[in-house]
Amino acid sequence: MFRKLLVANRGEVAVRIARAAKDAGISPVGIVSTSDRGAGWTEVFDEVVCVGGPSPKESYLRPEAIVQAARQTGCAAVHPGWGFLAENARFAALCEQHGLTFVGPSAGTMEMMGLKWPAKVAMRRAGLDLTPGSDGLLETVDEALAAAEATGYPVIIKADAGGGGRGMRICQDAEQVREAFPSARAEAIGAFGNGALFLEKYVTGGRHIEVQVIGDGAGGAVHLYERECSIQRNHQKLIEESPSPALSAEEREALGARAARAAAAIDYAGAGTVEFLMPPVEDGAARRLNFMEMNTRLQVEHPVTEMVTGVDVVREQLRVAAGGALGFTQDGVSLEGHSIECRINAEDPGDGFRPTPGTLTAFDIPTDEGPGRVRIDTHVAAGETIPPYYDSLIAKVIVHARTRDEAIDTMIAALSAATIDGVSTTIPLHLAVLDSPEFRSGEYDTLSIPGWSA
Amino acid sequence: MTRSHRTLQLRAEPTDEGHIRLLSPEVGGFTGALPEGATLSPGMIAGSLQILGRSVDLVVPAGAGGAVVGAAPRARVAPVGFGDELYRLDPEGAPAAAALTASGGPELEGDAMAVTASQSGRVWHSPSPGEPAFAKAGDVLEDGSPICLIEVMKTFSTVPYRAEGGLPARARVVRWLAADGDDVEPGGGILVVEPA
Numbered sequence: 001m002f003r004k005l006l007v008a009n010r011g012e013v014a015v016r017i018a019r020a021a022k023d024a025g026i027s028p029v030g031i032v033s034t035s036d037r038g039a040g041w042t043e044v045f046d047e048v049v050c051v052g053g054p055s056p057k058e059s060y061l062r063p064e065a066i067v068q069a070a071r072q073t074g075c076a077a078v079h080p081g082w083g084f085l086a087e088n089a090r091f092a093a094l095c096e097q098h099g100l101t102f103v104g105p106s107a108g109t110m111e112m113m114g115l116k117w118p119a120k121v122a123m124r125r126a127g128l129d130l131t132p133g134s135d136g137l138l139e140t141v142d143e144a145l146a147a148a149e150a151t152g153y154p155v156i157i158k159a160d161a162g163g164g165g166r167g168m169r170i171c172q173d174a175e176q177v178r179e180a181f182p183s184a185r186a187e188a189i190g191a192f193g194n195g196a197l198f199l200e201k202y203v204t205g206g207r208h209i210e211v212q213v214i215g216d217g218a219g220g221a222v223h224l225y226e227r228e229c230s231i232q233r234n235h236q237k238l239i240e241e242s243p244s245p246a247l248s249a250e251e252r253e254a255l256g257a258r259a260a261r262a263a264a265a266i267d268y269a270g271a272g273t274v275e276f277l278m279p280p281v282e283d284g285a286a287r288r289l290n291f292m293e294m295n296t297r298l299q300v301e302h303p304v305t306e307m308v309t310g311v312d313v314v315r316e317q318l319r320v321a322a323g324g325a326l327g328f329t330q331d332g333v334s335l336e337g338h339s340i341e342c343r344i345n346a347e348d349p350g351d352g353f354r355p356t357p358g359t360l361t362a363f364d365i366p367t368d369e370g371p372g373r374v375r376i377d378t379h380v381a382a383g384e385t386i387p388p389y390y391d392s393l394i395a396k397v398i399v400h401a402r403t404r405d406e407a408i409d410t411m412i413a414a415l416s417a418a419t420i421d422g423v424s425t426t427i428p429l430h431l432a433v434l435d436s437p438e439f440r441s442g443e444y445d446t447l448s449i450p451g452w453s454a
Numbered sequence: 001m002t003r004s005h006r007t008l009q010l011r012a013e014p015t016d017e018g019h020i021r022l023l024s025p026e027v028g029g030f031t032g033a034l035p036e037g038a039t040l041s042p043g044m045i046a047g048s049l050q051i052l053g054r055s056v057d058l059v060v061p062a063g064a065g066g067a068v069v070g071a072a073p074r075a076r077v078a079p080v081g082f083g084d085e086l087y088r089l090d091p092e093g094a095p096a097a098a099a100l101t102a103s104g105g106p107e108l109e110g111d112a113m114a115v116t117a118s119q120s121g122r123v124w125h126s127p128s129p130g131e132p133a134f135a136k137a138g139d140v141l142e143d144g145s146p147i148c149l150i151e152v153m154k155t156f157s158t159v160p161y162r163a164e165g166g167l168p169a170r171a172r173v174v175r176w177l178a179a180d181g182d183d184v185e186p187g188g189g190i191l192v193v194e195p196a
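Residue numbers (the numbering used here), protein chains in the order written: chain A, 1 to 454; chain B, 1 to 196.
Think of the hints as simulated: they come from the structure by calculation, not from any bench.
Note that this is a predicted model, so its numbers are computed, not measured.
Be aware that a few hints might be false.
As the list claims (entries may be wrong) - Under 10 Å between C-beta atoms, here's a sample of chain A residues computed to sit facing chain B:
# : residue
1 : Thr34
2 : Thr73
3 : Leu94
As the list claims (entries may be wrong) - Straight line, CA to CA, 25 Å or less: simulated SDA-like cross-link-like pairs of lysine to any residue:
#  : chain 1 : residue 1 : chain 2 : residue 2
4  : A       : Lys57     : B       : Arg6
5  : A       : Lys57     : B       : Gln50
6  : A       : Lys201    : A       : Gly163
7  : A       : Lys57     : B       : Arg11
8  : A       : Lys4      : B       : Arg54
9  : A       : Lys57     : B       : Gly29
10 : A       : Lys57     : B       : Pro61
11 : A       : Lys4      : B       : Gly29
12 : A       : Lys4      : B       : Ala78
13 : A       : Lys57     : B       : Asp84
14 : A       : Lys57     : B       : Thr7
15 : A       : Lys4      : B       : Arg76
16 : A       : Lys57     : B       : Ala12
17 : A       : Lys57     : B       : Gly53
18 : B       : Lys136    : B       : Gly166
19 : A       : Lys4      : B       : Asp84
20 : A       : Lys57     : B       : Gln9
21 : A       : Lys201    : A       : Pro280
22 : A       : Lys4      : B       : Val77
23 : B       : Lys136    : B       : Arg54
24 : B       : Lys136    : B       : Ser157
25 : A       : Lys57     : B       : Glu13
26 : A       : Lys237    : A       : Val281
27 : B       : Lys136    : B       : Arg76
28 : A       : Lys57     : B       : Glu85
29 : A       : Lys4      : B       : Gly53
30 : A       : Lys57     : B       : Ser55
31 : A       : Lys4      : B       : Gln50
32 : A       : Lys57     : B       : Val56
33 : A       : Lys57     : B       : Leu23
34 : A       : Lys4      : B       : Leu52
35 : A       : Lys57     : B       : Leu8
36 : A       : Lys201    : A       : Ser183
37 : A       : Lys57     : B       : Leu52
38 : A       : Lys201    : A       : Ala285
39 : A       : Lys57     : B       : Val59
40 : A       : Lys201    : A       : Ala161
Glycine included, C-beta positions come from ideal geometry on N, C-alpha and C.
Excised from the complex, chain A in its bound form (with noise of 0.2 Å):
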C-alpha cells in the first residue's frame, strides 16, 4: 500500500477519501486553495499544501501545481476524488509521468470514455444495448436524415466531445435536421475543438439506473449493484437510492452481470459508474436498459452502494491503484436492506435554488434517529463559512434500514430533526419529495420531483 496519497481535491470528497486512507495507514496530504486554507476540514490532513487563488481555476484545475505538490510531499499516488480533474485523461497521465500513481483507470480508458461515441461503441462490444440512433459519427446532413429516418423522430443530435449541452439538437422533422446539424457542428467546434456528431432516439422522462463496478485492470471485475438517480433537477441528482425500486430481482442480477462483464472487458481498473437510461414503455411492453455513459471515478452517491453491500468503495478504489487484488469477490457481494441519500445543498429552494454561500451559525443533523442507521458524510460544522467559489454541496445525509419503507422513515426523521442556520439549504424539497405518495410507492422518473411544484 502507499505511504502518502495526496488528495487532488476540497470539501466533502476530499475528507471521505482521507478519512479511507487512514483506515488503510496511508497518510493523507490535501491542497487547499487560498480561500480554504484553514478550513476546518483541513485538519483531516497529515499535511497541506496550498496550490492557487480562490476560483477552481487557478488552484484545484492546476495540473502541474497538483504534482508538484504531490512530488514534494513524498506522496506516492494522487486520488482526484469527484469533479475538478477527475476525468482529465491529462491530469492522469501527468501523474504517471512523474511517477505518481493515480487512483482511476489508465489515462486511455479515461480517453475513450470521456468522448462519447468510442465509449458506445465500446460499450456496444461488450454486450451491452445502447439508445437506438446513428450507426456510426455522421459526416454530412444527408448521412444525418438517414439515420434521422432510421431511427424514427423524435431525435437529438449530439456532439462526441459534449457536455454542458452544446453542440446538442432535439429534432423533430427532417427540416429541423438539415437546420440543427450545421450549426451543432459549429457550436461543438467551438466548444471542444471537436465537431464530430452522432444522433439517436430522443427520450424524455425514463429512470436513471446506475450500477457501481470496480475492475482490478486485469480483466477481472465485479459489480456493487445498482443506484436510482432518477430524482433530479436540471439533471442534478438530489436523492439517491439502492436498490431501485424499478428493477425485479432477476433484472438487477442480470444488469450487475452485464455492467460486471462490459467493466472486465475493457480491463477497467478501479471503480466506475454504469449509467443506463430506462426509457419509459407501455404497459405490458418489454423494459431495456440502455447504456448511456461510463463515470470513470468515485461517485458523490458511493455511500448508498457502500450501505448495502458492506463494501468500503474507496477502499477497494486504494487497494486496486496499489496493485493489490480486490478484497472480495462477486460471490462475497451481497445486497442487504434499503439505502437513500440526500444531498443537502446551500442553496434556497424557496428562490428558484439560489446557491446561498454563508457562514452556519448551527449545523446539527442527528444520527440516532430510527428506525433504521443514519450516516453524514460532511466537511462542515458550525461557525464554518461556505465560500462562494465551489460547489454548493455541504452535507450527504445516508440512511440504511432493513426495508425502503423504513429508510423513508429513518431519513424523514433525521431530516426533520436537523437545524442547519445560516444558510439556506434544499432540506425542505426532500422531505416533500420524501413525504410524496409517489416517492413512497417507487413510481418516479426523471422528468418531474414528486411532491414538488417548482
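Given the structure of chain A, go ahead and fit chain B onto it with the hints provided.
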C-alpha cells in the same frame, strides 16, 4: 510541457508592522534563498522555484524592497506552497548603496553575482549540439570569454563575458541559472559567478 525558462514575480503583501512579506507565487522547491540582512530591490532575482524539473526564477515585484528581516526557509531546497512566506522585508533597513549589481539584476548569496542577459532569447550552453559547453562550474572567465549562444528569431550570436556593471575582471563560474535551451528575458540570469 515546454522547457522555456520563466520568471515569476513574488507576491508582495504589507504587514501591520510596516514590513513587506514576499510570498511564493507557485508550488515548488524553493532554492537559492538570500540570507537575512540581504537587501532586495524591485527586479532582482531572489531565488528560484523548482517546478516539475524546471527552474523558475523569482523576481522581486515593483514597489517591494528592503532588508531581509525574516529568514527564508533554511533547507537547500525547501518545499513551499502558493502564498507561503519566503521573505519578510524591512523597507527602512535598506542600506543606501547595498545593491551588488549595478544593473539591478539577480542578487545571490555571499560574493556571488549573476551574469544577466541583455536581450531576450534562447540560451544554448555549447557552440553546437554534442560539443562541450562554453563554460562549466569552476572555469574562470575574463572580459570577452564566450559564455553561451543566444538564439533570437533563429539567429545565433555568442554572448561574451563583460567585466562591467559590478562584475569582476576575473570571475569563476559557480553554476548556470539558465539551463541549456532555456528562454531568458532581458535582465534574466544566465550564470552565477564569484570573483576569481
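- Item | Violating hint indices (sorted, rising) | As far as the earlier hints go, not one is violated by this structure.
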